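2 protein chains.
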Amino acid sequence: MGRGRERLVGMASARAMYHQLADTYRAKIVTEELKPGDRLPTEQELGEEFNITRGTVRDGLKVLVNEGLIVPARPRGYFVRPHELSYVRPQAEWRKQPASPEMDRWMEDQTVLGRTPSQHISVEIIPPPAKVAERLGLNEGDLVVARRRIRYIDDEPFNLNDSFYSYDLIKGSEILNPTDIPRGTNQALADLGYEQVRAIDEVEARMPLPDEVNRLQLGPGNPVLVHRVTGFTIDDKPVRCTVNVLIGSKHVMLFERSKAVGGSVS
Amino acid sequence: MGRGRERLVGMASARAMYHQLADTYRAKIVTEELKPGDRLPTEQELGEEFNITRGTVRDGLKVLVNEGLIVPARPRGYFVRPHELSYVRPQAEWRKQPASPEMDRWMEDQTVLGRTPSQHISVEIIPPPAKVAERLGLNEGDLVVARRRIRYIDDEPFNLNDSFYSYDLIKGSEILNPTDIPRGTNQALADLGYEQVRAIDEVEARMPLPDEVNRLQLGPGNPVLVHRVTGFTIDDKPVRCTVNVLIGSKHVMLFERSKAVGGSVS
Numbered sequence: 001m002g003r004g005r006e007r008l009v010g011m012a013s014a015r016a017m018y019h020q021l022a023d024t025y026r027a028k029i030v031t032e033e034l035k036p037g038d039r040l041p042t043e044q045e046l047g048e049e050f051n052i053t054r055g056t057v058r059d060g061l062k063v064l065v066n067e068g069l070i071v072p073a074r075p076r077g078y079f080v081r082p083h084e085l086s087y088v089r090p091q092a093e094w095r096k097q098p099a100s101p102e103m104d105r106w107m108e109d110q111t112v113l114g115r116t117p118s119q120h121i122s123v124e125i126i127p128p129p130a131k132v133a134e135r136l137g138l139n140e141g142d143l144v145v146a147r148r149r150i151r152y153i154d155d156e157p158f159n160l161n162d163s164f165y166s167y168d169l170i171k172g173s174e175i176l177n178p179t180d181i182p183r184g185t186n187q188a189l190a191d192l193g194y195e196q197v198r199a200i201d202e203v204e205a206r207m208p209l210p211d212e213v214n215r216l217q218l219g220p221g222n223p224v225l226v227h228r229v230t231g232f233t234i235d236d237k238p239v240r241c242t243v244n245v246l247i248g249s250k251h252v253m254l255f256e257r258s259k260a261v262g263g264s265v266s
Numbered sequence: 001m002g003r004g005r006e007r008l009v010g011m012a013s014a015r016a017m018y019h020q021l022a023d024t025y026r027a028k029i030v031t032e033e034l035k036p037g038d039r040l041p042t043e044q045e046l047g048e049e050f051n052i053t054r055g056t057v058r059d060g061l062k063v064l065v066n067e068g069l070i071v072p073a074r075p076r077g078y079f080v081r082p083h084e085l086s087y088v089r090p091q092a093e094w095r096k097q098p099a100s101p102e103m104d105r106w107m108e109d110q111t112v113l114g115r116t117p118s119q120h121i122s123v124e125i126i127p128p129p130a131k132v133a134e135r136l137g138l139n140e141g142d143l144v145v146a147r148r149r150i151r152y153i154d155d156e157p158f159n160l161n162d163s164f165y166s167y168d169l170i171k172g173s174e175i176l177n178p179t180d181i182p183r184g185t186n187q188a189l190a191d192l193g194y195e196q197v198r199a200i201d202e203v204e205a206r207m208p209l210p211d212e213v214n215r216l217q218l219g220p221g222n223p224v225l226v227h228r229v230t231g232f233t234i235d236d237k238p239v240r241c242t243v244n245v246l247i248g249s250k251h252v253m254l255f256e257r258s259k260a261v262g263g264s265v266s
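Protein chains in written order, with UniProt numbering: chain A, 1 to 266; chain B, 1 to 266.
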């Protein structure tokens, strides 16, 4: 026990030192004091700046690499990652054009030049996760179809998109095929008689679960945005629960709203 | 250099071990295999489960304490933190009642019994942060009023709420007073002739900046939700940019939307 304690203290202070480097440079990047494409000081310069060994410098830089904020380009050094923010606009599911000219312009900024998207789809029939069962109003013993998608950009995992449906509702339908449905699963569900006319979006930030780390090939220290959508029919029946897991450093979610004339709001 | 390298490797593997414990138990908590109020195994049991020293067990548990997932209650042990999720519904700024009965019900679940909210407000006049200048369409040399609020629940920091306004627009007004404005700053801004009729919400997940760690008294490993709101007048003039920083483990953001009859959507 005495030895365990000593080790903990030694580790905690080395941890503090490399976190200090990571915190300082994360702040410079997020506030854009260092801009996309800028080169960071060399390992030696950073060692002198924080009075730490090169090993500890590398630990600190690794935190920022894992968070997707910097990219190593040896032997030239470390660079602030070019912005590759992807905008996620849940409202676009039903309205393709943004209502706001500013949103239009912000989204245009995301010029995805020459990047190749791809996806992998798998389908499982499982007992529902607790939160999904609650959202879909399922009972003990009910099964769900989990339609899981990993989206890649240039072969790098980008986000997870898992949709859950009551198995009773969709059995025998094409939604169970682990292939892309060109007209979209929402339309396929509508064709079965379950058109969605409203939805609730829930958004959380947390550290990824081991399974997510694995599927997204994440390094430690990289939080995710969890976006859960529950879709309802005109009869208020919840027919779909989608859980999107977005790499924090690569996504911004956008919503727009306006005050209608009568005081009601969209 | 040789020594730095050795130290890095030793540290990396201890780090891996305590992260494994944190990852495993985070997954159990998030999936609700362990429910709010449940007791975790003892330090000794966890040491045996992962074959690690008690010091390393404590490091792993500390990660979960810092993330707000478990609470230490010595000598009884560690417990899954009772849910104290706060729901943030940006649309409520203009529409008090949710449109969806489900959202109403989910929000009721958050029974905040006997908790005492408080806040601290400060006001600064500063050159705008880059992202704020961009959102508000400001020019080089323009100043903004930063109205910063820390919200507390039972004296624990809960979230940050910083609103930025062009200094030219609001100088001489009560918005510069570092005190609460009972009718709300949006109404105060409307009274100056700048009523907001639409807004864009941007939501990101990232690790907190040093200043945020400090203001929110966060431990390491606790990601934040960053919610940025830009409010526009009827003439499309951006008049307010608010940056809310929400502790990830304590907040869920909620949005609702519905498909209108003609195919347009709110």
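None of these hints come from the bench; they were simulated from the model.
Values in this document were obtained by computation on a predicted structure and should not be read as measured data.
Accuracy of the hints is not assured; some may be wrong.
[Said to hold, decoys possible] Computed cross-link-like contacts, DSBU-like style, restricted to lysine-lysine with a CA-CA straight-line distance of at most 30 Å:
| id | chain 1 | residue 1 | chain 2 | residue 2 |
| --- | --- | --- | --- | --- |
| 1 | B | Lys237 | A | Lys62 |
| 2 | B | Lys237 | A | Lys35 |
| 3 | A | Lys35 | B | Lys28 |
| 4 | A | Lys171 | A | Lys131 |
Hints versus structure:
Taking the CA atoms of lysine 237 of chain B and lysine 62 of chain A, the gap is near 42 Å; set against the 30 Å cutoff, the hint is violated. Restraint check for lysine 237 of chain B and lysine 35 of chain A: the C-alpha separation of about 27 Å stays at or below 30 Å, so the hint holds. With a C-alpha separation of about 39 Å, the suggested pairing of lysine 35 of chain A with lysine 28 of chain B is violated against the 30 Å cut-off. Under the criterion of a C-alpha separation no larger than 30 Å, the hint pairing lysine 171 of chain A with lysine 131 of chain A is consistent with the structure, at around 22 Å.
In this structure, the earlier hints numbered 1, 3 are contradicted, and the remaining ones agree with it.
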